[in-house]
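J.: Residue-level listing of the chains:
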Amino acid sequence: MTAAAPAVDLYAARIDNGVKVYGSGQAQVVALDGITETFKFGEFTAIMGPSGSGKSTLLHCVAGLDDLTSGTVAIGGVELGSLNDRELTHLRREKVGFIFQAFNLVPTLSAEENIILPLSIAGRRAEPQWFDTVVDTIGLRDRLAHRPSELSGGQQQRVAAARALVSRPAIVFADEPSGNLDSASGNELLGFLRRAVDEFGQTILMVTHDPNAASYADRIVFLDDGKVVDHMTQPTADKVLDRMKGIGG
Amino acid sequence: MLKAALKSLLAHKTRLILTAISIILGVAFVAGTFVYTDTTDRAFSTIMDDAFSGLDIVVSGDSDFTFGGTGIYFDESMLDDIAAVDGVESVVPGIDGFGTQILDPDGEPIGGGGPPQLSGFLPEEVGTAGGFVLRQGRAPASDGEVVIDAASADTGGYQVGDTVAIVSQALPVADYQLVGVVGFGQADNLGGATFALFDLLTAQAVLGQEGKVTGAFIQAAPDADIAALTQRIDQVLPDNAKAQTAQSASEEQAAIFQEALSFFSIFLLVFGFIALFVGTFIIYNTFQIVIAQRVRELALMRAIGSTRGQVVRAVLIEALIVGVIASAIGIAVGAGLSVLLRLGLEAAGITLPGGGLVIQARTVIVALGVGVVVTVLSALAPALQASRIAPVAAMRQDAGRPRERSLLWRTIIGALLLAAGIASLATGLFADLGNTVAALSSIGLGAVLILVAAYVLSALIAEPVTRIIGAPLARIQGVPGRLAQRNAGRSPRRTTATAAAIMIGIALITLVTVLTASVRDTIDDVFTGGVNGEVIALGSDQFALTGFPAAFGEAAAALPEVEAASRLQFGPVIRDGSETFVNAIDDNFPELFDVDDLEGSLTPSDTGIIVPRAMADSNDWQLGTTIDLTFEQTGTVTFTVEGIADSTFIDSPTIGRAAYNANFAIPADGQIYFRIADGFTVEEGVAAISAVAEEFPTVNVQTLGEFSAELQDSIGQVLSLLTALLGLTILISLFGVMNTLLLSVHERTREIGLLRAVGLDRTQTRRMIRSEASIIATLGSLLGVGLGIFFGWAVVQGLEAEGFTGFSVPIPTLLLWIVVTALLAVVFALLPAWRASRLDVLDAISYE
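Protein chains in written order, with my numbering: chain A, 1 to 249; chain B, 250 to 1097.
Derived from the structure by calculation, the hints contain no laboratory data. Quick caveat: nothing in here was measured; it's all calculated off a predicted structure. For every residue, glycine included, the Cβ atom is placed at its ideal position computed from N, Cα and C. Errors might be hidden in some of the hints.
[Stated by the list, open to error] Cβ-Cβ distance ranges computed for the label pairs, FRET-style:
| id | chain 1 | residue 1 | chain 2 | residue 2 | range |
| --- | --- | --- | --- | --- | --- |
| 1 | B | T1012 | A | G139 | 32 to 38 Å |
| 2 | A | R124 | B | R545 | 37 to 43 Å |
| 3 | B | A973 | A | R141 | 43 to 49 Å |
| 4 | A | K40 | B | Q634 | 51 to 57 Å |
| 5 | B | I266 | A | G52 | 36 to 42 Å |
| 6 | B | L980 | A | Q28 | 29 to 35 Å |
[To be verified] Coverage of chain A stretches by chain B, computed from C-beta distances (three or more under 8 Å per stretch; other residues unrestricted):
| id | stretch |
| --- | --- |
| 7 | 15 to 29 |
| 8 | 99 to 112 |
| 9 | 237 to 243 |
[Unchecked claim] Stretches of chain B that chain A covers, calculated by requiring three or more beta carbons in the stretch to come under 8 Å of a beta carbon on chain A:
| id | stretch |
| --- | --- |
| 10 | 729 to 743 |
| 11 | 956 to 965 |
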């Protein structure tokens, strides 16, 4: 693996021979079964697979929210296995953005405070220009002072997306970001993520089970039973749908 | 239903324990007080039964005085009269009295400062000696011999055979040979009182009562009818003496003792009830939060067919179980507490008879009842709230979030409570309710209502106020501080219920702090402003009201260094059926003390009396009005009001010196104030007067400044004791903070997970929770300080007529309390903070 060291910077994140096992004995479940995958800078990757295929586990492990049973994960050239909780937290703060399916925002903070939360936690300020760019892109300038409870579901997810981007992370992890939205709001959000990749060169890793959502990505990784079973580039919703039919029955 | 409640409880053991702690502590105080006093009572009764065993009839003074009485002295000839009664086999004389000090080898008095310093006759038949048990040596057989109590022997390092110096109100210092040591039952002394026991003649001389006795112990002939004999003896006695059977004398002694003890037990019980009052907020809050968390579960119960009543019952059963378990533990803890109390008092030199712990059915019933009722009542409102959850809430996404209902009702109820509280407080303080109990009850009720109103209304201001309190933290700590600031204000009801518990403790501490500061100010005013002198002489035990021989005052007044001296005396009397005090002044009074608004004379005749202006006003006394005073020694005497005056040293009805000496058994002086003559410094004056006092070790000579400082110190000690006890309620309320935060952390699992995911590290997470604790605590202590100052001000206003002149708010002390409470809250938040920081991020964000 020593030979890979200089090449690591080419990747926003990579997982090498990742294995994740839950439980032991009879109850043992192999969620990830030797996955090796790299996520290049400026690439929008979608991970798809049926329920229980390990796609969420993969996201959590690559994002440093969960640890592997064996194998390695690196983000922005830093291998996660050697980090303690504090270092891991600081890495998430500096190099990672998150968009979850729901409960993305801190209810006591305004939209603006939520957007700059990772920066504030680190004791940093947002670059004003970049902040303006992000806010204008998501189109919520007039809602900045509102609390999450005063925003629609779609607006909340867009605030979450802005938060994920504002610290210019090496990679943004999105876990079913449009899962709770109607199709119009969902498309709006996904379109925004697409623009972030195209216009700002942002790297995004998204887990979804929705072929339409996946079609916004540059590349799709198909998982089944904890293994990578296929890849697809330049996907369309129809192609994805066809491919999905062949997986997991 | 019971099964569901039990399961719910067991699923949350920490919550159960924390809720229970407040009940346990409150109940423990109540139970501990009962156990302690019952144990002491029983031990005392046993001692008394032993003391009078072998005796048939006891003769003693017949007076209505219980504590203040100094004993009635009868002529010894009474003993012959008794012996002459048919059926009397033997008579042992009894004599005892106050004001005899045993000196330690350095010449300093042992004991004092509250408990009396007694002396008396110890007969050779020790069984007839009022509860004394000879531990070493023998009874005194001649003059020059003494027996002292074991605690004094221990303090002075005396062994049988040593020489002990003793001084009394009547006799100067003299040496006696220690021939024995006594205990009081199993105790080394009785509640800190010291005993010096002599043979009969010496005892009479020490007490200055030659040829006198205070009672007699009688054995009847073997075949005598005790009841009839008691009556026959009673007939030969003076009017103010009585004969009773040994049994009833023993019971009477025990009853007096019990009453003395009840003062102490009421004091402790009040703290028990304050603890429970604080506890109600914690229980209420816990159940409120628990129900908010279980909205879905309860809604599901409703959806599948539970009635509202069943939901209420389910919650109340849970409360009942908590109440029963906590009270049971509280009773056990209380028993332990009573042992600690005994050890603590013994360490402070106050030993009371003890023995096996007495746990009466009453203790268990009251403690259990109080604990359970408080718990169930506190859970009632949350239970009713739970029953109003609509079944459809089970299906709603946002069911877990507390709905912010209109605060209108809260405002109205709070305002009504506040008005009622202030009215009740004002009535108690300013209206003439006729007796102290009614006034105190009204004040207490008013204070409770105002505290509850403050809690109810504080929910209205909680959000903005926590914002302000948290602003510095938000500035210093950044995100953790800002989140803490917002979290503290996000559910005002919960925050204020938690803060209210702290508010109560701090309000009471502030009240006693303000009152003692005001008393100190008043004392300072009195001694710097009200006296035209510089030096005071007083009994070395000023609390026991034991004075010193008049000979000292006469000698000191004759010194060239002394320009003027005025002698004051104090003594117990009964007026209008209740025990109180009478002062006595001499003709020099106006020389040394400021007197305002005088009407009539300051030199009363033998049957004249001067009354304070305020008392005259409220009792409608005028010059010429007659007032009856009952003295222990001489019975009821009628006095005529000859003067009405406003002076700090005429704070009770005041008679002349001659009248005092005629009506009290011991014509001792209480205090003497001196003005030093021109040409002498105060130091020279003190030195000269002290030289006279060499012969009278019961006299202390001080400058007024020293005396004032000493008084203020002793008030400071009372403050420390009260503060320590009230501090316990703060501890209880801090458990409430811990409880609320644990539940909040549980409730905010998802939010904390999110924060952790986006980069809040564990240290910051812990800081966030700790800061929230300090904000809640500060909200409570600020409200408490405000209310406490108000209560203090109200009480000072109410007592203005009693000579309360100062109103002082010691701001540094109160600020210190606010800071200390906030820091303690941080300590109590360590567990919830740790929990929050240990939440698994993944579990948290996938938490349903």
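J.: A separate judgement is required for each hint: does it hold in the structure or not?
T.: Verification of the hints:
| no. | hint | result |
| --- | --- | --- |
| 1 | T1012(B) <-> G139(A): 32 to 38 Å | 36 Å, holds |
| 2 | R124(A) <-> R545(B): 37 to 43 Å | 40 Å, holds |
| 3 | A973(B) <-> R141(A): 43 to 49 Å | 59 Å, violated |
| 4 | K40(A) <-> Q634(B): 51 to 57 Å | 56 Å, holds |
| 5 | I266(B) <-> G52(A): 36 to 42 Å | 39 Å, holds |
| 6 | L980(B) <-> Q28(A): 29 to 35 Å | 48 Å, violated |
| 7 | 15 to 29 | violated (count 0) |
| 8 | 99 to 112 | holds (count 8) |
| 9 | 237 to 243 | violated (count 0) |
| 10 | 729 to 743 | holds (count 5) |
| 11 | 956 to 965 | violated (count 0) |
Going down the numbered hints, you'll see the structure goes against 3, 6, 7, 9, 11, while the others check out.
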